[in-house]
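A.B. asks: Start from chain A and add chain B according to the hints.
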Amino acid sequence: MTARKTKILFLIICTLQLFYLFNFRSGFQYEIIKDPFNKNSGISYAVSPEVIESRDILNKYKTTHFNLSKKLKNDAYLYQRLLEFNYPIRINQSSKLVFFSINENISEKCEVIETGKYLKLTQC
Amino acid sequence: MTHTNFYEKIALILSFLILNNYLLLSLNFSLALIKINFIIFLFTVLAFYFKNFSENPFLKIFFLCIIFISLGTATFEWDARSIWLFHAKVMFYKDSVLLLDDSYKFTHIEYPNLAPAFASALGILLGYWNEVFPKIAFSLMFLPPLILIFSFFKDVRYLIFLSIVFFTVGKFLFNGWADGLVAIYFGISAFLMYLLFIIDLNFYRNRLIFYLLAFCFFASLTLIKNEGFALLLVLFITTFLIKLYKRELKKDILKLLFLSFSFLPIIFWKFFCYSKGIGNDYINTNILLNLLPRLEDLNNYKTISYFLFLNEKFLFTLTFFFVSFWIKFDKELFSFIFIITLMYILILFVIYLSTPYDFYWQLNSSAARVIRALCFLLAFFGLYNLRIIK
Chain A
1 MTARKTKILF
11 LIICTLQLFY
21 LFNFRSGFQY
31 EIIKDPFNKN
41 SGISYAVSPE
51 VIESRDILNK
61 YKTTHFNLSK
71 KLKNDAYLYQ
81 RLLEFNYPIR
91 INQSSKLVFF
101 SINENISEKC
111 EVIETGKYLK
121 LTQC
Chain B
1001 MTHTNFYEKI
1011 ALILSFLILN
1021 NYLLLSLNFS
1031 LALIKINFII
1041 FLFTVLAFYF
1051 KNFSENPFLK
1061 IFFLCIIFIS
1071 LGTATFEWDA
1081 RSIWLFHAKV
1091 MFYKDSVLLL
1101 DDSYKFTHIE
1111 YPNLAPAFAS
1121 ALGILLGYWN
1131 EVFPKIAFSL
1141 MFLPPLILIF
1151 SFFKDVRYLI
1161 FLSIVFFTVG
1171 KFLFNGWADG
1181 LVAIYFGISA
1191 FLMYLLFIID
1201 LNFYRNRLIF
1211 YLLAFCFFAS
1221 LTLIKNEGFA
1231 LLLVLFITTF
1241 LIKLYKRELK
1251 KDILKLLFLS
1261 FSFLPIIFWK
1271 FFCYSKGIGN
1281 DYINTNILLN
1291 LLPRLEDLNN
1301 YKTISYFLFL
1311 NEKFLFTLTF
1321 FFVSFWIKFD
1331 KELFSFIFII
1341 TLMYILILFV
1351 IYLSTPYDFY
1361 WQLNSSAARV
1371 IRALCFLLAF
1381 FGLYNLRIIK
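Residue numbers (the working numbering), protein chains in the order written: chain A, 1 to 124; chain B, 1001 to 1390.
Extracted from the complex, chain B is given alone in its bound form:
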């Protein structure tokens, strides 16, 4: 087994175990199974660390620093406490978030729970709960995509990749929020989609492990946060359009169909929420009532643009992306990323224009976080585009 192969396998095992943990908790399997699943995860991480410690030392050392910071920080920010780690705590006590009454509505009961389920498994393994350690499970969830990328970027390139992760994801690596996970899983899902369907390279298309990785990453993306669903949909629509344009849709339709099954877990979750009468704050019958009056006012578009685009991380990564493609123009890759970016920005405009909350407050509290997914995407593909430049 080559080392490249080793990292792909480790990434697949870890991402599968994260999804498996969600399944075990959702279907009320015994605590022993949940503990075993988490122990296997930890042993796999140890195998990654000690198989050849000197290979990829940067990720190993920097990741330990992330865990150290996380263990020295209390969970004090609102989203982390009142949404993600509260859901995790409910699952730790073997309750269902769907059974919480209206008093707990502020915790966004309908949000998907992949990361909270993993944090609750850590609590179950240790046998108690506190305000500090459960959130390291969120940090551990960054490992599968970060390990997978080592198959593609080595040495200095991997260091630049880590620098991009620190810059775009920042404190979301350790503070118990889910936004950083969405950004990384989205970027790597886009990358897998590119390798499997856009680029003309049979090396990836003929390897089952990449389809399995894509399936696990896609399903994880949708189960981390609601926008993960929108982001994956954007990836599928973009791929579909490009394939249609290149008249290659027939060739790949079955593979795309197989990967579209990754939507099933989130569809089931939304169905359960709907069956319990738990709705979504954004997508509901009031969407047009909020959207239509705001559509005609140009100032609304200006305000959204101000919050989304006049952001130092977005401007920096966008510049890096354009410089990279100015140095070496890969039309196929550029079109793929450009369409994804435009479609997601369009979705963000619709979402913000239809918010049921105060328009300014909503933008002020979330735009800088939401745009990180695009920041990581642009920077990652800007770096990938330069892979052959010596």
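Isolated chain A, as found in the complex:
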């Protein structure tokens, strides 16, 4: 009887631990679990809208490389997320396709080819 009670006790403890992980430590979203194998599943929870927009623009121009303005390179979050989220489209320091943030002044040598909500893509 004692063994049975201990078993039930630890079964309850394990269940509570799992519930705690699920509810407080996971970042679980019902929207994601509805379709976890969709290609775009979870992206709005994974990265910021600027990063998602950059991929949409790069896909539209079917390019294999891009570059970032100095300001975007200095923003550690955006720099890292733009690089890893857009992979296999790679950053290339000599690429003429350069992203600027929407409020940034672009140099005279560059021409804006696409303006989004957060970023603009230029040909320099």
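Hint data in this document are derived by calculation from the structure and do not stem from the laboratory. Check before you lean on any hint, since a few could be wrong.
Stated by the list, open to error - Simulated coverage check for chain A against chain B, where a stretch passes if three residues somewhere in it have a Cβ under 8 Å from a Cβ of chain B:
| no. | region |
| --- | --- |
| 1 | 17–26 |
| 2 | 35–42 |
| 3 | 80–89 |
| 4 | 114–123 |
If you're wondering where the values come from, they're calculated on a predicted model, not measured in any experiment. All C-beta atoms, glycine included, are put in the ideal place defined by N, C-alpha and C.
C.D. replies: Coordinates of chain B only, in the frame set by chain A:
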């Protein structure tokens, strides 16, 4: 075949397939072979689930819950995204992380890639990539050690073991980080080392399957994260010292030598990194420049102790460990774990004192994760020590 034997075999097959997948991807084998390897892994998991569903139902049900949580969570934390799943994505596109240029240096190109390789194989099997499902491969990698332990703990004891796993590993079971894997693989590697070399029981020493399991677990431990290498080294040095003290080294030296080949994959990986000019942030020529000025300041030791030891998981598991050995003192087991713990703490102090990053930031961002390996070790052996108490 007894059921105990069945679980050992399943654990061996699964851990071998994880290592084999790494080998296939590293050596650029065809995608078909990588897919077949992963399908065999999935079928083996199914065999474990349906051979006798009512046996070990807790792990089976709780593990499904872990997969469910993982599938409902996006990969949003930095380490998971920018290191592990980014490496996996690079491998998914059949590129090599070693060929990434300096712009991608922030992703720690030199880190070992066993878990990312397994996640990329899942992507290859499904034929695409997203921000959610690849990380369930990390959760699947927990299965071999969790299944193996069923040979040793039954019923209530296995439930307590699972409770220890949930407590010490926590969210690392499903969030795509590698720290939980290091903790579990380290604990079980220490356990196998104990069974094969420390305890005087020929039952394990005479069975080849335990040497093969140890080899696979040891190699996996070193290939999960850099600290896995240090942890395995600690296990070997501790065993060596104990054997030397007991004057039994001669008897077991060949077996130890065989198992030391498990270091080879990580040595090859580090050699490839070195040949491509990719260094390690910690272990490099600047180590003394960072270490020496910090050595003399007592406050540094206090700060490290504060972050490592004033951690609720560490304090709780340490208390459990001491209570367990207070109830039943096994000198051999206690010495084995005590030496491992002291050596690893010493290594952690050296690593933190020589960090090239901001000292406080480094501790704040990693100490609570790194100490989990010791938390699991202490709690696991605390439980194992009580195995004969009725």
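A.B. asks: Does the structure break any of the earlier hints, and which numbers would those be?
C.D. replies: Violated: hint 4 alone.
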